[in-house]
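Enquirer: Next come the chains, spelled out residue by residue.
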Amino acid sequence: MREVAIVSVAQSDHRRAVPELNEVEMIQPVIHAALDGIGKRIADIDFTCSGSTDYLAGQAFSFVMTLDAVGAWPPISESHVEMDGAWALYEAWLRIQAGHADTALVYGYSKASPGDLPRVLSRQLDPYYYAPLWPDSVAMAGLQARVMLDAGTITEAEMAAIAHRSRTAALDNPHAQIKGSPPVEELLAAEYLSDPLHLHDCPPISDGGCAVVLAAAERAREWASNPAWIAGIDHRVDSHNFGARDLGRAPSVAIAAEKAGVHEGPVDVAELCAPFTHQEKILCNELGLGDDVTVNPSGGALAANPIMAAGLIRLAEVAQRILDGDAGRGVAHATSGHLLQQNLICVLEGGS
Amino acid sequence: MTTDADRTISEMPEGLWSQPQPVVPHLDGEPVQRIMVPATMVYDYTPGTAPTEFLNGLAHKKIYGARATPTSEIYVPSRGMDPVLGMPTTELVEVGPKGTITTFCVVHIGFGDNAPPTPFVSALVLPDGAAVSLYGTVLGIPHDEVRIGMRVQPVWAPPEEMTTSFENIRHWEPIDEPDVRAEQLKGHM
Chain F
795 MREVAIVSVA QSDHRRAVPE LNEVEMIQPV IHAALDGIGK RIADIDFTCS
845 GSTDYLAGQA FSFVMTLDAV GAWPPISESH VEMDGAWALY EAWLRIQAGH
895 ADTALVYGYS KASPGDLPRV LSRQLDPYYY APLWPDSVAM AGLQARVMLD
945 AGTITEAEMA AIAHRSRTAA LDNPHAQIKG SPPVEELLAA EYLSDPLHLH
995 DCPPISDGGC AVVLAAAERA REWASNPAWI AGIDHRVDSH NFGARDLGRA
1045 PSVAIAAEKA GVHEGPVDVA ELCAPFTHQE KILCNELGLG DDVTVNPSGG
1095 ALAANPIMAA GLIRLAEVAQ RILDGDAGRG VAHATSGHLL QQNLICVLEG
1145 GS
Chain E
7 MTTDADRTIS EMPEGLWSQP QPVVPHLDGE PVQRIMVPAT MVYDYTPGTA
57 PTEFLNGLAH KKIYGARATP TSEIYVPSRG MDPVLGMPTT ELVEVGPKGT
107 ITTFCVVHIG FGDNAPPTPF VSALVLPDGA AVSLYGTVLG IPHDEVRIGM
157 RVQPVWAPPE EMTTSFENIR HWEPIDEPDV RAEQLKGHM
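Chains as they are written, first to last, in the working numbering: chain F, 795 to 1146; chain E, 7 to 195.
Worth double-checking, as some hints may not be accurate.
Unchecked claim - So the derived label-pair ranges between C-beta atoms look like this:
(1) E/Thr58 <-> F/Gly974: 52 to 62 angstroms
(2) E/Phe117 <-> F/Ala1038: 35 to 45 angstroms
(3) F/Asp930 <-> E/Gly35: 52 to 62 angstroms
(4) F/Ala854 <-> E/Thr58: 15 to 25 angstroms
(5) E/His32 <-> F/Trp867: 48 to 58 angstroms
(6) F/Val1087 <-> E/Thr58: 16 to 26 angstroms
(7) F/Ala1038 <-> E/Val48: 28 to 38 angstroms
(8) E/Thr46 <-> F/Asp838: 40 to 50 angstroms
(9) E/His32 <-> F/Pro921: 34 to 44 angstroms
If you are wondering where the hints come from, they were derived from the structure by calculation, not from laboratory data. From the three backbone atoms N, C-alpha and C, an ideal C-beta is built for every residue, glycine too.
Isolated chain F, as found in the complex:
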């Protein structure tokens, strides 16, 4: 295996809506911040890969338009995934492993505000037996939370505590959209949004993006004094048939964690992409993280949730802490689809 590291990261200051900009205008400053952070230009990049979906803004071929932000003419080597940018990073990592590239630019973005996101996300579901019924993403998450509450694997108070802890942590995150939280008692006293979910259990709707630069071996050491090495990365998918799953579990997370080597060393920090409060509990259970692990110091997806970037942001948050020397080894998780259907685990670590 080739050594590959994250050497630079950048993200937008996420907002409920960025109506004055189109997608390329929104993501271009983020892409260039990631490059400028290490004094590099697109000419220094061998491969570019992005993650996005046209359904969010309702703009066809938006990913082709956002390529204008990287100066893609004359033609560059690039690709795109209709998934979170974390999977774009996985493709870039594979390209580097294959020896086709030494450096890569990865970005993911979402301009969800022009559409009705909970309905738009229903288009991800089985097109014959789920999508025609238009189950919105919050109602779907409610099915999962109910299973856990009924099984006693979580309480509403625990869920509120996760919301409170995450959004309080986001006070220190300059990019976060929701910073700070009322006390847990106040959260629990509020009305339900989709019973058993309160508003605080749900992620915000966010416009924003994230960009990451990868480099192999010596190039990584040249470009960063403290590269965040990808020690392990794996992604797995659970059944698309929600009726066939134990919704309170995500076996794909446990397997990906094992393959990525989560437990082969201490974990200083974990950034988990849990858009809904109860999903953090599922992830912690599947990952087997100890109580000593700091989870989502950024506030996680509960503080800002640009679809198709929220997972890549988790990798960027862990990488930033290693690049800054604040953490030695961390776990980042990304998810795609509803109810933690597909999951990616990446272990990042410092050191030479």
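Keeping the supplied structure of chain F fixed, place chain E upon it in accordance with the hints.
Expert: Here is chain E on its own, set in the frame of chain F:
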């Protein structure tokens, strides 16, 4: 009455573009050939800063391009970025409205409600000063007299129908100016 728009492209006309019939295997039971899954999603259109300037210009019969630096190419319409430099096109520059045909096609099968009577000419038109061409139809001249390098100008919608839409340019029509030589269009075709 069956119109062109009701027919699939692979079936028209008279075998043009036609494909072999698919082989359908025998199935037990009644084959399900159709389910109805209506789907509508409504979006607010948020064109962004640069396209907003372009669209607002059209409402005043002006064609705006934009460039990233005083010496770089002028893109029309700008989506906000210079695709070569990867930098924002921050300087608005009026181009055209006269332009030059850089390529064209004589259309014999028209699709859609707004298609002119066939045959008609669709073309790429390079507005004066711009680096890239706009797509449109060329009317007001027999189709067999249209040529690359021919000079044209936009025919705008009547004042009461002007909006912030590219459809403000109803079509392009020839003007009495000498053709531009193909060599001069190099890099823009």
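Enquirer: So, for every hint listed, does it hold in this structure?
Expert: Hints, one by one, checked against the model:
{"no.": "1", "hint": "E/Thr58 <-> F/Gly974: 52 to 62 angstroms", "result": "34 angstroms, violated"}
{"no.": "2", "hint": "E/Phe117 <-> F/Ala1038: 35 to 45 angstroms", "result": "44 angstroms, holds"}
{"no.": "3", "hint": "F/Asp930 <-> E/Gly35: 52 to 62 angstroms", "result": "35 angstroms, violated"}
{"no.": "4", "hint": "F/Ala854 <-> E/Thr58: 15 to 25 angstroms", "result": "19 angstroms, holds"}
{"no.": "5", "hint": "E/His32 <-> F/Trp867: 48 to 58 angstroms", "result": "52 angstroms, holds"}
{"no.": "6", "hint": "F/Val1087 <-> E/Thr58: 16 to 26 angstroms", "result": "47 angstroms, violated"}
{"no.": "7", "hint": "F/Ala1038 <-> E/Val48: 28 to 38 angstroms", "result": "33 angstroms, holds"}
{"no.": "8", "hint": "E/Thr46 <-> F/Asp838: 40 to 50 angstroms", "result": "45 angstroms, holds"}
{"no.": "9", "hint": "E/His32 <-> F/Pro921: 34 to 44 angstroms", "result": "27 angstroms, violated"}
Consistency note: the structure conflicts with the earlier hints numbered 1, 3, 6 and 9.
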